[in-house]
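Colleague: Chain residues, written in single-letter form:
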Amino acid sequence: MIHIEQLAKRFRAPGQRDRLSLRRTPARVVDAVVDVNLDAPDGCITGLLGPNGAGKTTTLRMLAGLITPDAGRLSVDGIDVVRQPRAALARMGVLSDARGLYPRLSARENIVYYARLHGMADEAANARADALARMLDMHTLLDRRTEGFSQGERMKTALARALVHDPPNIVLDEPTNGLDVIATRALRDSLRWLRSPEGGAKCIVFSTHIMQEVERLCDKVVVISHGRTIAVGSVPELLAQTGQRDFEEAFVRLAFGDLAPADASASGLPG
Amino acid sequence: MSGLRAVATVFRKEIADALRDRRTLLTVLVSSVLMGPFVLLAISALVASLESNAEQRELVIAGLADAPSLVNYAERQTYTVRAAPPGFEALLRSATLTDAVVVVPKDFEAALQRGDAPIVEIVADSANQRSQASSGRVARLLAGFGRERATLNLALRGVSPDLLEPIQIEEHDLASTQTRATQITGMLPFFVLMAVLTGALNAALDTTAGERERGSLEPLLMNPTERWALVLGKWGAVAGVGMLIAVLSCLSFLPGQWLLRSDTLAAMFQYGGHEAAMFLVVLLPFAAAASALLMAVAIGCRTFKEAQASSTVVMLAASLLPLINVFSLGNESAWHLWVPALAQNVLMTRVLKGEALGALQLGVPFAVCVLIAGVAVWFVARSLRSAAVR
Chain A
0 MIHIEQLAKR FRAPGQRDRL SLRRTPARVV DAVVDVNLDA PDGCITGLLG
50 PNGAGKTTTL RMLAGLITPD AGRLSVDGID VVRQPRAALA RMGVLSDARG
100 LYPRLSAREN IVYYARLHGM ADEAANARAD ALARMLDMHT LLDRRTEGFS
150 QGERMKTALA RALVHDPPNI VLDEPTNGLD VIATRALRDS LRWLRSPEGG
200 AKCIVFSTHI MQEVERLCDK VVVISHGRTI AVGSVPELLA QTGQRDFEEA
250 FVRLAFGDLA PADASASGLP G
Chain B
0 MSGLRAVATV FRKEIADALR DRRTLLTVLV SSVLMGPFVL LAISALVASL
50 ESNAEQRELV IAGLADAPSL VNYAERQTYT VRAAPPGFEA LLRSATLTDA
100 VVVVPKDFEA ALQRGDAPIV EIVADSANQR SQASSGRVAR LLAGFGRERA
150 TLNLALRGVS PDLLEPIQIE EHDLASTQTR ATQITGMLPF FVLMAVLTGA
200 LNAALDTTAG ERERGSLEPL LMNPTERWAL VLGKWGAVAG VGMLIAVLSC
250 LSFLPGQWLL RSDTLAAMFQ YGGHEAAMFL VVLLPFAAAA SALLMAVAIG
300 CRTFKEAQAS STVVMLAASL LPLINVFSLG NESAWHLWVP ALAQNVLMTR
350 VLKGEALGAL QLGVPFAVCV LIAGVAVWFV ARSLRSAAVR
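Protein sequence lines, in the order shown, are assigned to chains A and B. The opening residue of the first sequence carries number 0 in numbering that gives the first Met the number 0; numbering runs sequentially from there. The opening residue of the second sequence carries number 0 in numbering that gives the first Met the number 0; numbering runs sequentially from there.
For the record, the hints were derived by calculation from the structure and aren't laboratory data. Among the hints, erroneous ones may be present.
Partial chain B-side listing against chain A, Cβ under 8 Å, derived [to be verified]:
(1) R19
(2) T23
(3) L24
(4) L25
(5) L28
(6) S215
(7) N222
(8) P223
(9) T224
(10) R226
Derived CB-CB ranges, DEER-like [stated by the list, open to error]:
(11) B/V325 to A/R143: 25 to 35 Å
(12) A/R9 to B/L279: 23 to 33 Å
(13) A/Q150 to B/W257: 49 to 59 Å
(14) B/L315 to A/R11: 14 to 24 Å
(15) A/T139 to B/V325: 38 to 48 Å
(16) B/K304 to A/D79: 51 to 61 Å
(17) B/E331 to A/E122: 28 to 38 Å
Source: prediction; values computed, not measured. We put the CB at the ideal spot given by N, CA and C, even for glycine.
Starting from the given sequences, assemble the full structure and let the hints guide the process.
Modeller: Structure, rendered in structure tokens:
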């Protein structure tokens with residue numbers, strides 16, 4: 000269970016020195032997150048949907064304790080992230096935007112390294128790596144060095160690494176970026192299984208800017224735009240709220256208001 | 000999880016990672032660890048050839064036929080006399096001829112009889128090191144010839160030859176054989192220092208800027224591990240690689256010594272187990288401090304390449320500071336011990352000279368290294384989180 004309440008973060012971009020004059024331009028203030036609220040229950044896939052630059056990655060980085068929020072509350076299974084970041088991280092598996100692997104280590108070694116950082120013993124870590132490899136269909140990759148892995152293979156390894164301690168909460172930042180259809184489908188199946196009671200009824204938070212992902216996978220959608228939560232509900236509820244039939248059109252209405260162009264194709268992938 | 004276990008986990012992973020980087024490791028081993036012994040060999044070959052030249056009792060004379068008395072004198076001193084080859088000046092310049100040439104004027108004997116002091120030239124090329132070495136020997140031989148003539152002349156006139164030598168000169172060299180050897184082996188500490196730095200460089204950059212470039216630092220920080228534990232583990236691994244290189248390069252001089260071709264040099268260059276151990280006592284804290292410093296420089300860089308550029312400053316400082324010791328020509332000041340790299344150079348030079356190192360001499364550089372390592376590790380731990388998201 001992940002709970003985010005009135006989260007805010009302001010960045011101060013340092014002023015830049017003009018080439019000719021000695022004076023610096025004043026520091027630029029960017030309100031990355033203004034008021035984000037999110038409630039993700041267990042056994043449910045919650046989509047964090049928003050255009051690029053809406054504040055999704057910043058929100059998830061604050062959830063992972065990498066950035067300290069200016070205001071608001073973040074809690075994981077009731078544990079305050081700011082006050083007890085390590086206790087919160089122990090209950091979370093995060094697949095972040097950056098998912099670099101160690102190229103000279105095999106996929107198994109990459110996974111076991113994280114398991115050991117979570118305090119698992121070697122045997123348990125190896126058994127868990129095997130189990131995850133079966134779930135993600137990557138057992139043929141397991142003992143190969145990750146150098147030269149394809150995007151999909153990298154993503155699978157990074158996901159296995161994030162899930163190695165069997166966390167009750169799973170946070171994924173744009174997990175389908177760069178994946179082909181087959182890999183995306185495989186990922187969706189894995190996430191559905193993790194949501195099911197036999198998969199552990201995990202609490203899954205999933206950020207994306209792709210409508211189809213949300214429509215096919217999410218039980219609940221939180222739409223954020225310009226750093227604010229602007230709508231919450233299931234896909235049918237959001238359609239009803241906007242009076243649209245097409246979810247993409249509904250999203251554009253929600254995210255950009257009535258100022259958005261009516262042409263859906265122009266704003267399907269908002270920049 | 001307990002912090003120390005996390006440190007051990009990170010350490011194990013980083014060591015395995017660094018040791019799998021075979022190509023880099025091999026380059027470091029070949030370029031820095033084998034470099035010292037090779038230089039030692041090259042020096043010994045040079046010294047050996049200089050020695051053999053100095054022992055050669057050969058005199059090359061241009062105008063051999065005009066100076067029978069000089070030839071007679073040289074042969075009595077058991078020298079072999081040769082006529083200079085035609086065009087010997089060009090041969091000297093091109094270093095084909097390695098002996099200084101004595102040029103005797105046509106009327107040498109007649110002028111000598113008249114007491115006109117004929118001019119005898121010694122031709123050598125100072126860029127041709129061996130001819131230069133032999134010119135000193137030739138000059139001494141000619142002075143001996145002159146002295147003999149003078150003594151004979153005085154004896155004929157009934158004057159005691161002792162009048163010519165109102166004082167007697169005896170030279171006493173206070174330097175021990177080892178001290179003299181440091182004139183030649185003085186560059187070894189420098190090679191060892193650079194070997195340690197280049198050995199640690201790659202691992203230091205890979206565990207900091209490399210993690211950022213790969214995008215693996217952000218996920219790493221999403222583990223419930225204390226940041227100081229991550230940094231200590233990384234630092235331990237980098238310092239471990241640096242220390243491994245230090246041990247290898249210190250030991251590499253042991254077999255290098257057996258290969259010395261010059262007996263005099265082998266006698267002067269005393270490098271045994273004790274010297275190697277003292278080198279390590281000096282070098283290991285330096286390896287630890289240098290690793291931490293390189294990591295602190297690299298953590299601010301987004302890419303490996305950027306970090307390489309930034310770390311050049313550290314490498315340059317470490318290679319230039321020991322030069323203070325070279326330029327001050329052995330005049331060691333107390334402050335030398337407070338400057339990293341320079342202090343290590345000073346101490347290793349002393350070890351090679353066969354001098355004992357006191358507690359203070361070892362303690363000051365050690366304390367400086369501990370301070371540098373502490374500040375650098377603290378800085379890396381503090382920068383880790385902001386480095387991951389930027």
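Colleague: Tell me, which hint numbers fail for this structure?
Modeller: 2, 3, 4, 5, 10, 11, 12, 14, 15, 16 and 17
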